[in-house]
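Given the sequences, and given the hints that come with them, work out the whole structure.
One letter stands for each residue in the lines below.
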Amino acid sequence: MNPRPLRPLGPLVIAIDDVVKLYWMGGETIHALRSVSLRIHRNEYLAIMGPSGSGKSTLMNMLGCLDTPTSGRYEFNGKNVATMVDDELAVIRNREIGFVFQTFNLLPRSDALRNVELPLIYAGVPPAERRDRARQALADVGLGDRLDHRPSELSGGQRQRVAIARALVNHPSILLADEPTGNLDSQTGVEIMALFEELYERGNTLIVVTHEEEVARHARRIVRLRDGLIASDEPA
Amino acid sequence: MYELTEACRIALAQIQAHKLRSGLTALGVIIGITAVTLMGAAIHGMDVSFERSLNLLGNDVLYVNKWPWIQAPDWWNYVNRPPIRPENAAGLNKLIAATPNSLLEVGVPVCIYAVSAKAGAHQASGVFLDGTNYVYSRLLTAEITEGRFFSPEESDGGRQVGVVGADVADTLFPGHSALGQTMMLGGQPFRVVGVLGRQGPFLGRFSYDNQIFVTLTSARKYFGTPRNGGTEVRVKVRDNTRMDEAVDELIGAMRRVRGQLPGERDNFTINQQQAFKNQLDPVKKVIALVGLFITGLALSVGAIGIMNITFVSVKERTREIGTRKALGARRRTILLQFLIEAVSICVVGGLLGVAVTFGVSLFIARSLPKLPVDLSTALIVISMLVSVLTGVLAGFAPAWGASRLDPVEALRYE
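Residue numbers (the numbering used here), protein chains in the order written: chain G, 1 to 236; chain U, 237 to 650.
If you are wondering where the hints come from, they were derived from the structure by calculation, not from laboratory data. It cannot be assumed that every hint is accurate.
[As the list claims (entries may be wrong)] DEER-style ranges, computed between Cβ atoms:
# : chain 1 : residue 1 : chain 2 : residue 2 : range
1 : U       : Glu552    : G       : Glu28     : 29 to 35 Å
2 : G       : Gly144    : U       : Leu256    : 44 to 50 Å
3 : G       : Ser155    : U       : Val628    : 38 to 44 Å
4 : G       : Ala128    : U       : Leu598    : 45 to 51 Å
5 : G       : Asp132    : U       : Val548    : 52 to 58 Å
[Claimed, not checked] Selected chain U positions facing chain G (in silico; Cβ < 8 Å):
#  : residue
6  : Tyr238
7  : Glu239
8  : Ala249
9  : Ala253
10 : His254
11 : Ala326
12 : Lys551
13 : Thr554
14 : Arg555
15 : Gly564
16 : Ala565
17 : Arg566
18 : Arg567
19 : Val644
Note that this is a predicted model, so its numbers are computed, not measured. Glycine residues also receive a C-beta, built at the ideal position from the N, C-alpha and C atoms.
Structure (structure tokens):
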């Protein structure tokens, strides 16, 4: 695996300071995140690790602007997202963040091309340009010949590639992957991680949330969570 | 903007993917819209035929009668009135001529009898015989399709000539023209000088096509002067936008003609088509209200179905909603998506409902031509608007719920 290229850090993308997230469940307060501070720059390849209940998912939802902190500061490209409302967050998610889910979350009745077009529709890109960009994004992940296939006609690895194309089509600031190999056999998982490496070298900023050491080893930096706190933050 | 076309596309794909489910849901709307349009078509058809019937009376003609058309419970107030006499018309015309700027044009006496008419072996019974004079041609609502109305000379000379309605002509002289033929009325020969065009039934009861006009003098000679209200004076009004004033003038004139003293109650009644309108309007209102209630009920059943299916759709696609939100769909986008889905089902249902009504009204028109049904463009537009509104109202709650879903929860939903 070595020597692996390490790209120089770009400008600051994510700045989290003393973020706390509480949940109320049946009258009990759950401290999902106790106090987390984190800085992520452009051109990073970061893995977030931790056992279940460590606050890993909560942190991922926060980073992905799907959720807002109970307290603390969160700036994304200099914009304060901690106090944004639902629709403002939707715009950030659309423009700045590309999601890759463990279960792919493709629309079953739409073909690959339409699935990849979806974020562009929400961004208000005209149809012709949308087609071109979606086609390009699919070609970039090696699926240029599967444009009109529905998810059910694709293998697991191919589905995840469609999802990755969809995540990247709007040129987001970060790509946020949640257990991207969790639903794949090990061989396909290796292929996907190789694709991630390629994406990193092509200039993307990657954040991978996982509980597998195997997966995390691909990253250049590993953040480990335990009981809602950052236990360690070091280069891989 | 692109979100809108996308929402429409999703809605159509969704309906296609769940044909049976969407079809069953649309059934409620189909029934509702069928009820709406059928009811509307029936009411409109009734209106049209009613209007047509009333126009047979003439919208610029006042009728001076002994009895009011709409039977009043206080019959004893009318029974002792002296009859309307044909001579009243002449007196009235003198007054009209003497009145500057009179709103009345002319009055014509009409004596009405029920007779049988014969021509050779053919007989028409229960025919209305109207004895009148040549001036009546100015009040005639029917067209004269053959021949002419009788002339002043025939009228004044009491000649035995008649103008026959379309049914009478068909019955007495089947297969050939009635013009110039002779018919027997009360055993006396009358020559047909004119044939009237078909006018249709009056409020579905009796037919204006089943009447014969003859000269007043000849009618009185052989049939006498009718008793108890068989004689009336029909008065043509110059300007039918000023009917109320014309009625006032006519009342004053008739009182003078009939030598009534001040303070005495009128011993005649002025009738006009408005009287029928006034009586039928409340009936129409009741029918419309009942119709509205029934169709409202049918539609609300349809709407509940739509609401239910939209709730199911939202539940089934919670993960999809989460994904869409993660990819940048705003609340409005999600709301629109499910709203359009609900509206699409309603519009499809509405179109099918209109189609069903169209079929039914065609069937009715063919098999029961007397039943008035009229499906107008306005009604189709209204029913489509109603379908859209139903979709919006029924789909709003579930669509609103979908748009407010928390993306994290929605993504986690199994």
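Verify the interface restraint on Gly564 (chain U): the C-beta must sit less than 8 Å from at least one C-beta of chain G. holds, 2 Å
With a cut-off of 8 Å, does the beta carbon of Arg567 (chain U) approach a beta carbon of chain G closely enough for the hint to hold? Holds, about 6 Å.
Given His254 (chain U) as an interface hint, is the shortest Cβ-Cβ distance to chain G below 8 Å? This hint is violated: His254 (chain U) lies away from chain G, its Cβ roughly 11 Å from the closest one there, beyond 8 Å.
Is 45 to 51 Å a correct range for the gap between the Cβ atoms of Ala128 (chain G) and Leu598 (chain U)? holds, 46 Å
Does the nearest C-beta of chain G fall within a distance shorter than 8 Å of the C-beta of Glu239 (chain U)? At about 6 Å, which falls below the 8 Å cut-off, the nearest Cβ of chain G leaves the hint on Glu239 (chain U) intact, so it holds.
Would you check whether Ala326 (chain U) satisfies its interface hint, that is, whether its CB is within less than 8 Å of any CB in chain G? Where the cut-off is 8 Å and the nearest Cβ of chain G is about 84 Å from Ala326 (chain U), the hint is violated.
If you take the shortest Cβ to Cβ gap from Val644 (chain U) to chain G, is it below 8 Å? holds, 5 Å
Return the status of the interface hint for Arg555 (chain U): holds when the least beta-carbon distance to chain G is below 8 Å, violated otherwise. Cβ of Arg555 (chain U) sits 7 Å from chain G, so the hint holds.
Do Asp132 (chain G) and Val548 (chain U) keep their Cβ atoms within the hinted range of 52 to 58 Å? Check failed, 37 Å falls outside 52 to 58 Å.
Regarding the hint that Ala565 (chain U) lies at the interface with chain G, is the smallest CB-CB distance below 8 Å? holds, 5 Å
Quick check on the hint: Ala253 (chain U) CB to chain G CB, less than 8 Å? This hint holds: Ala253 (chain U) lies near chain G, its Cβ roughly 6 Å from the closest one there, short of 8 Å.
Next item in the hint list is Arg566 (chain U). Is there a CB on chain G closer than 8 Å to its CB? This hint holds: Arg566 (chain U) lies near chain G, its Cβ roughly 5 Å from the closest one there, short of 8 Å.
Violated hints for the displayed structure, listed by number in ascending order: 2, 5, 10, 11, 12 and 13.
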